[in-house]
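Q: If you read the protein sequences in the order shown, they are chains U and H. If you read the first sequence in the working numbering, its first letter stands for residue 1, the second for the next number, and so on. If you read the second sequence in the working numbering, its first letter stands for residue 213, the second for the next number, and so on.
In short, the hints are calculated from the structure, not lab data. C-beta atoms are modelled at their ideal positions from N, C-alpha and C, and glycine is treated no differently. Treat the hints with care, since some could be wrong.
Derived SDA-like pairs (lysine to any residue); straight-line CA-CA distance at most 25 Å [what the hints assert, rightly or not]:
#1 K317(H) / E238(H)
#2 K79(U) / R179(U)
#3 K94(U) / E328(H)
#4 K94(U) / T266(H)
#5 K317(H) / W48(U)
#6 K332(H) / R179(U)
#7 K94(U) / S338(H)
Stretch-level coverage of chain H by chain U, calculated; a stretch enters the list once three of its residues show a Cβ under 8 Å from a Cβ in chain U [said to hold, decoys possible]:
#8 256-268
#9 278-285
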Amino acid sequence: MGLFTGLKDSISRATDRLFSEQEPKRIGIYGPPNAGKTTLANRIARDWTGDAIGTESHIPHETRRARRKEDVEIERNGKSVTIDIVDTPGVTTKVDYEEFTDEMEKDDAIRRSREATEGVAEAMHWLREDVDGVIYVLDSAEDPITQVNTMLIGIIESRDLPVLIFANKIDLPESSVKRIEDAFPQHKTVPLSAKEGENMDEVYENIAEYFG
Amino acid sequence: MPEATKADDDRRNGVQIDLISGERMEGLASMEKIRMILDGVHDGNIVILEEGLTPDEESRLIEVTMAEISPDEFNGIEIETYPKSGTRDSSLLGRIMGNDESPKKLTVIGPANQIETLHKDETLISALVSRS
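Okay, chain H solo, but in the shape it has when bound:
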């Protein structure tokens, strides 16, 4: 069908951005979140998480990413997150307040060969995304 062909062409010519809400992630187990992210990245998408990942999930994301790197196919991810507000003392205060695993931070994840961070500070992530 002509419509389907046009949609396919658009997908080939563009870069898909998946903006995943905190609500969507809330009901998922850690490995389900990681699978959702990496499936998107493998498809060449840029994945933006409204509420980020916990440190434990970040650690597992790195581990699973490493297991899936393959020469000439997938060479890993770029990941950028706003620094947690008050990063400089969040561990101490976080422990005192019992909330140091708060995932409330926007996170951008994309294929390493397509995304390049141009600038990052506490309020802005500026990224250049290229077609593979």
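Chain U with its partners taken away, still in its complex shape:
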């Protein structure tokens, strides 16, 4: 079986499963810290509901707890899907409060790191229990082949969850979407800039088609 046949079958299986459910799909936005998950979640939420989900920041682990925007209805090209967007903390295997002490007092840094660890643990738990599909956000200016990305994609695949990879930050000069496509060719990769709103039509087309 060729790669593209396999990809088509994989998408077909995923969409068949989702079509059978009437409830809004819980789509988790996962990825490493600072990939732009909250910026993307906010853009999607603002575009379709008028409200944002959370605070965006360059400081890692700004999103310490998962946040949800319910009943976001996305329509494109005659296809529509209603999703609950779950914006999750960036997944990592280590959190050191001292990384934040340049930006804040020690007590605040410790509190932030504690919340971040609880948020990552929750996000991992939900990935095993409560998520119907995954939008995996990567910073296209960074090397995508990291242990966390490889592990997370492996975990998502092992649960047979439909996953779309979004190559974010294409507005940056060092961005390389091809590097992401080469790293994970078994999944559809959609380039975008959540910050600049670049290529959002294709983003919505893919969400409506893939998860709808």
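For chain U, the structure is supplied; the task is to place chain H on it using the hints.
A: For chain H alone, coordinates are given in the frame of chain U:
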């Protein structure tokens, strides 16, 4: 006793590496494996698993690690695994063959403040381990 003192000194001055065979892990439940790994890492050891973990166990390892992070004491783990052979299409082929949860991959796990990955490719993990 002088021997015990020397052994204690050696342990303090060195870095202990636990090489755990696939056979040793085979009979353990997932949480027992995770406990064994994290107990070793908490002691400052580098844990090397001959046959790695399943994706579900990796997910639980991250979750339990997060629950145990504590300021000034334990700030998490570094974990490195060889990419599964044929990583690029393993999910599709794995599903077809029904073996996508194969844990046959060497995994190195250590305290985040002591282990630094210098290089990794499909056949080599090169790590720098420092004393805490």
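Q: Give a verdict on every hint.
A: Each hint, compared with the structure:
Only pairs whose Cα atoms come within 25 Å are accepted, and K317(H) paired with E238(H) is accepted, the gap being roughly 14 Å. Restraint check for K79(U) and R179(U): the C-alpha separation of about 30 Å exceeds 25 Å, so the hint is violated. For the hint pairing K94(U) with E328(H), the CA-to-CA distance comes to about 12 Å; that is within 25 Å, so the pair holds. Only pairs whose Cα atoms come within 25 Å are accepted, and K94(U) paired with T266(H) is accepted, the gap being roughly 20 Å.
Between K317(H) and W48(U) the CA atoms are separated by roughly 44 Å; this puts the pair beyond 25 Å, and the hint is violated. For the given pair, K332(H) sits about 17 Å from R179(U) by alpha-carbon distance, which is consistent with the 25 Å threshold. Between K94(U) and S338(H) the alpha-carbon distance is near 19 Å, which keeps this suggested pair within the 25 Å criterion. Beta-carbon proximity to chain U at under 8 Å applies to 3 residues in the region 256-268 of chain H; the threshold of 3 is reached and the given coverage holds.
For the region 278-285 of chain H, the stated coverage by chain U is satisfied: 4 residues place a CB nearer than 8 Å to a CB of that chain, which reaches the threshold of 3.
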